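> Put together the whole structure using the sequences plus the hints.
Top line first, the protein sequences correspond to chains P and F.
The letter at position 30 of the first sequence is residue 30 when you use my numbering, and the numbering goes up by one with no holes.
To convert, take the position in the second sequence, counting from 1, and add 1000; that gives my numbering.
Keep in mind the hints are simulated off the structure, nothing from the lab.
Note that the structure is predicted; figures quoted are calculated from it, not measured.
We treat Cβ as the ideally placed atom computed from N, Cα and C, and that holds for glycine.
Misleading hints may appear alongside valid ones.
[Stated by the list, open to error] For the chain F half of the interface with chain P, some residues (derived, Cβ under 8 Å), not all of them:
1. Ala-1046
2. Tyr-1050
3. Ala-1051
4. Pro-1052
5. Ala-1055
6. Leu-1213
7. Arg-1217
8. Glu-1268
9. Ile-1271
There are 2 protein chains.
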Amino acid sequence: MNPGTRTTIDDIAREAGVSKGTVSRVLNGHPTVADRTRARVQAVMARLDYAPDPAARHLSWRTGQTLGLSLDRDDPLLHPYHVLLRRALESQTAPQGVQLVDLRADLTRMARLPSAVLVMHAVEGDPRPAYLRSRGVPCVLIGHQPGEFWVAPEDVGGARLATEHLIRAGHRQLAFLGHGHSQVAQDRERGCRDSAHAAGLDVQAITSDFTVLGGYRAVRRAWENGTRFTGLFAQSDESAAGAVAALEDLGVDVPGQVSVVGFDGLPELPIRQTLTTVAQDIPRIAATALALVQDAIGGQPARGEFIPVQLLPGATVAPPPGGTP
Amino acid sequence: MNPGTRTTIDDIAREAGVSKGTVSRVLNGHPTVADRTRARVQAVMARLDYAPDPAARHLSWRTGQTLGLSLDRDDPLLHPYHVLLRRALESQTAPQGVQLVDLRADLTRMARLPSAVLVMHAVEGDPRPAYLRSRGVPCVLIGHQPGEFWVAPEDVGGARLATEHLIRAGHRQLAFLGHGHSQVAQDRERGCRDSAHAAGLDVQAITSDFTVLGGYRAVRRAWENGTRFTGLFAQSDESAAGAVAALEDLGVDVPGQVSVVGFDGLPELPIRQTLTTVAQDIPRIAATALALVQDAIGGQPARGEFIPVQLLPGATVAPPPGGTP
DNA sequence: ACTGCTGTTGTAACCGGTTACAAGAAAGTC
DNA sequence: GACTTTCTTGTAACCGGTTACAACAGCAGT
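This is the structure we're talking about:
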């Protein structure tokens, strides 16, 4: 095949011995295609690695496809995790000509309906999925919820990995830096407590949001008030970074006196170089979300998927001062 | 005109009494069009508010237009200002079918040349504009630099606004929270010093980066070391937020004892509700950058534009404790 | 064998632009 | 006045898909 010439619908048609129209019908899941024909065409498409040209489809459809992102508030727009997830989504939808649009939490005032919606930060009983269904817009949640299409990182499992990593290093005085409001925070705290209890240990809770400053102030205040621990698991990399900075300012050596583990594994954070953390596979979360959108459009039954996380050893974990008893 | 039917190139052609081809030639600045005809066609396009369909052009061109964003490093990706500027650019280029692509600082290894490039954080003698010119790629800088196309906020003027606001409130002990590395930081410090000197005052410098934690630590350390001031101008909203938090933790009342002014005016920051700040018009910066890209493509002579900023009074400025002497 | 119905496929027009080529008009040359 | 040459414009094919409609095959009923 000539380099530089992309495979078109005509190539598929010729190769499969059918007409353009039939290939197009297969592409769009039109029901009036014989099963045998559909299979043959799909085989050829797979073999020639065919992807329809988004510009041509837009031209025919007189409109582009859009993927809405529904947030619960405005400020998550600036949170590193969200920025990176959005970027990953964007880089994966752009080649298919799908455009991302930001939606306010109040979906009832959408100007134009998007082709599909990704619902972020959904909580139990969130009205958004039901509303979208009533408008015929397929939707996928980021976060787990039975009965819906969803994708979520393994928050509980990742928290266990982090906690067990600290325990294996010999730590007995554990603390969790976080806050119980969101589903994510709750899962991460639960994983942490589960692992600790399994080892017969208790976990002190230090309340904090997900931000750097939040982590800094919470840890500094707790330490100044006499709270002591040797192993700290923070619910986010940012709060972990804040914790490390606070300990540094308090003259507490990391990891000499206190070990710190974060969560998310965002490569763009300056601290990523040194922080021990549980890394999420953000590109894969994005890819899975988009695959689920396709399923939802195709009328498949709802399902969810947990995306594995990975412990990323760094320089902020070491055995506790006294060593293992 | 029927609602729902966009004006097409055929409408223009009919209305102007020429053929599709001629309209297309006018659209693309093809030189072989009589001046009289071009003027007539352009008048009709303006009157009917015509915008060519990006999908149709992509289809003909066999490729889409891309706008590259060149950063000097990776981590600015997560800085709030950059995130919001990128979002503004995106929302303005998307309707024209132009796609944003992130470029590494090392432009020599670009996979495919973008249609144009926005160079961020350019410093004097930056090799990127020259390199791009040699490859025939038009570029526009964010930040001012003679001889190039550029757009920049009025950093110096904004810093003067902020400082004069503090001075007008009665402050005599001023401090600047920032760092002299980047062009932006230098301009903002210069504007601050200019205004202070004009009022016969001096300015203490507290070194900090642009982040929340950086501002927090810098201010806290300075204050604990005995540095005193009643009016603080921070080079960014984030460092201002850090400063406010630090002062709060130190038991210093804002604005009772110390007044704080930030810079950027990012609506999505939680502190924006209360912080006195100098607001940038980010959508306008984006729009101007895109207009300059058009100029650059059209071969116009290089020019730059400062975008005005605006003092946004908040709740973090009040007269100093002793009142005006 | 004829009719009517259903299920499947081909045909061709169309989406809104671009552009190679041909054709006309105007101007210069002998 | 006939012949080039140079500008300017119209024509029609094309980019890669979608889809209304026609056509055809197979089958049941009579």
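> All hints are to be evaluated individually against the structure, with a verdict given for each.
Now for the hints, and whether the structure bears them out:
{"no.": "1", "hint": "Ala-1046", "in the structure": "violated (24 Å)"}
{"no.": "2", "hint": "Tyr-1050", "in the structure": "violated (16 Å)"}
{"no.": "3", "hint": "Ala-1051", "in the structure": "violated (14 Å)"}
{"no.": "4", "hint": "Pro-1052", "in the structure": "violated (12 Å)"}
{"no.": "5", "hint": "Ala-1055", "in the structure": "holds (4 Å)"}
{"no.": "6", "hint": "Leu-1213", "in the structure": "holds (5 Å)"}
{"no.": "7", "hint": "Arg-1217", "in the structure": "holds (7 Å)"}
{"no.": "8", "hint": "Glu-1268", "in the structure": "holds (5 Å)"}
{"no.": "9", "hint": "Ile-1271", "in the structure": "violated (10 Å)"}
Violation of the numbered hints given earlier is confined to hints 1, 2, 3, 4 and 9; the remaining hints are satisfied by the structure.
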